[in-house]
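**Q** Sequence:
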Amino acid sequence: LANGVDIDSSSEIEILTAQELALKREQNRQLLTLAKPEMETLVEQIAHTRNVVILTDDEGVILHSLGEQHLLKPEQRIALSAGSSWHENQRGTNAIGTALIEKSAMTVQGSQHFMVRNQSLSCSAVPIFGVENQLVATLDVTNDFNMPQQHTLALVKMSAQMIENRLFLSGCQSDIVLHFHARPEFIGTMWEGVAMFNSAGQLEAINRSGQFELNFYLDKPEA
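In this note's numbering, the protein residues as written are 895 to 1117.
Fair warning: there could be bad hints in the mix.
To be verified - The calculated PhoX-like cross-link candidates involving lysine-lysine, where the alpha carbons are at most 25 Å apart (straight line), are:
| no. | residue 1 | residue 2 |
| --- | --- | --- |
| 1 | 997 | 1051 |
| 2 | 1051 | 930 |
| 3 | 997 | 930 |
| 4 | 918 | 997 |
Unchecked claim - Ranges of calculated distance between the beta carbons of each label pair, as one might list FRET restraints:
| no. | residue 1 | residue 2 | range |
| --- | --- | --- | --- |
| 5 | 916 | 1085 | 32 to 38 Å |
| 6 | 927 | 1028 | 14 to 20 Å |
| 7 | 1091 | 1013 | 48 to 54 Å |
| 8 | 1094 | 916 | 38 to 44 Å |
| 9 | 913 | 1098 | 35 to 41 Å |
| 10 | 967 | 1028 | 33 to 39 Å |
| 11 | 917 | 1065 | 19 to 25 Å |
| 12 | 1109 | 1066 | 18 to 24 Å |
| 13 | 987 | 1097 | 37 to 43 Å |
| 14 | 967 | 914 | 21 to 27 Å |
| 15 | 1003 | 938 | 22 to 28 Å |
| 16 | 1051 | 1074 | 17 to 23 Å |
Calculated from the structure, these hints are not laboratory results.
All C-beta atoms, glycine included, are put in the ideal place defined by N, C-alpha and C.
Sequences are here, hints too, so could you generate the full structure?
**A** Set out below in structure tokens:
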């Protein structure tokens, strides 16, 4: 309401031009390169359902989407196409926009969406953070509200974690890399802590799983 979003608006949300979208994608080239393989795996995992896998930038603009768009209604396909924004100041409460604001995983179903036009959707979104704990993207799975999936959010969390790990490892170079976890069986998995040190033994970077394991944060995201 404070953003002036009309709950009953039926007008189309503005979508970026091809040139604007190309610029957004270029600005997020590394993110897209590292995220696409995980998005393809996620699509395979949920291939039996009517889902669309979506990657947005840190402003909620869809950069890339995969899945069964042809099974959605025409207005849903437009809303979930690349270049469309799901920021709260344009859509009100929704999984992508609200996950960006809250900086936490979010499921928004049916009438929990602020805008009536989006209440036919069920969405699960997870924020993705960069090397310096900065918010860089969201990964989302959206489907028709009449066909909700029980384990969608858990699958999205796992894929988002894999993307985040890829970003961390590709964004850091160091002399010494330490892989650790309180439970040895988790070393070598997506949940392991990874700390990077220079030749003098000084800590240069540590992933968010490692920060959680050690109970400290270099730049703790707001709750």
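**Q** Hint by hint, say whether it matches the structure.
**A** Taking the hints in turn, this is what the structure says about them:
Between residue 997 and residue 1051, the direct Cα distance comes to roughly 13 Å. Compliance with the 25 Å bound is thereby established for this hinted pair. As the CA atoms of residue 1051 and residue 930 are separated by approximately 15 Å, the hinted pair is consistent with the 25 Å bound. For the hint pairing residue 997 with residue 930, the CA-to-CA distance comes to about 22 Å; that is within 25 Å, so the pair holds. The suggested pairing of residue 918 with residue 997 holds, with an alpha-carbon distance near 21 Å, which does not exceed 25 Å.
Checked against the hint of 32 to 38 Å, the pair residue 916 and residue 1085 passes, with Cβ atoms roughly 36 Å apart. In this structure the hint that residue 927 and residue 1028 lie 14 to 20 Å apart at CB holds, the actual value being about 18 Å. Separation of residue 1091 from residue 1013 is about 50 Å and conforms to the stated range, judged on CB atoms against 48 to 54 Å. Taken as a hint, the range 38 to 44 Å holds for the pair residue 1094 and residue 916, whose Cβ atoms sit roughly 43 Å apart.
At roughly 38 Å, the beta-carbon separation of residue 913 and residue 1098 lies within the given 35 to 41 Å, and the hint holds. The supplied range of 33 to 39 Å is met by residue 967 and residue 1028, whose beta-carbon atoms lie about 35 Å from each other. Evaluation of the 19 to 25 Å hint for residue 917 and residue 1065 yields a pass: the beta carbon distance comes to about 21 Å. Remark: the range hint 18 to 24 Å for residue 1109 to residue 1066 is upheld by a beta-carbon distance near 21 Å.
Between residue 987 and residue 1097, the C-beta spacing of about 39 Å keeps the proposed range 37 to 43 Å intact. For the pair residue 967 and residue 914, the supplied restraint of 21 to 27 Å holds, since their beta-carbon distance comes to about 26 Å. Distance hint check for residue 1003 and residue 938: the Cβ-Cβ separation is about 24 Å, which falls inside the suggested range of 22 to 28 Å. Between residue 1051 and residue 1074 the Cβ separation comes to about 21 Å, which falls inside the hinted range of 17 to 23 Å.
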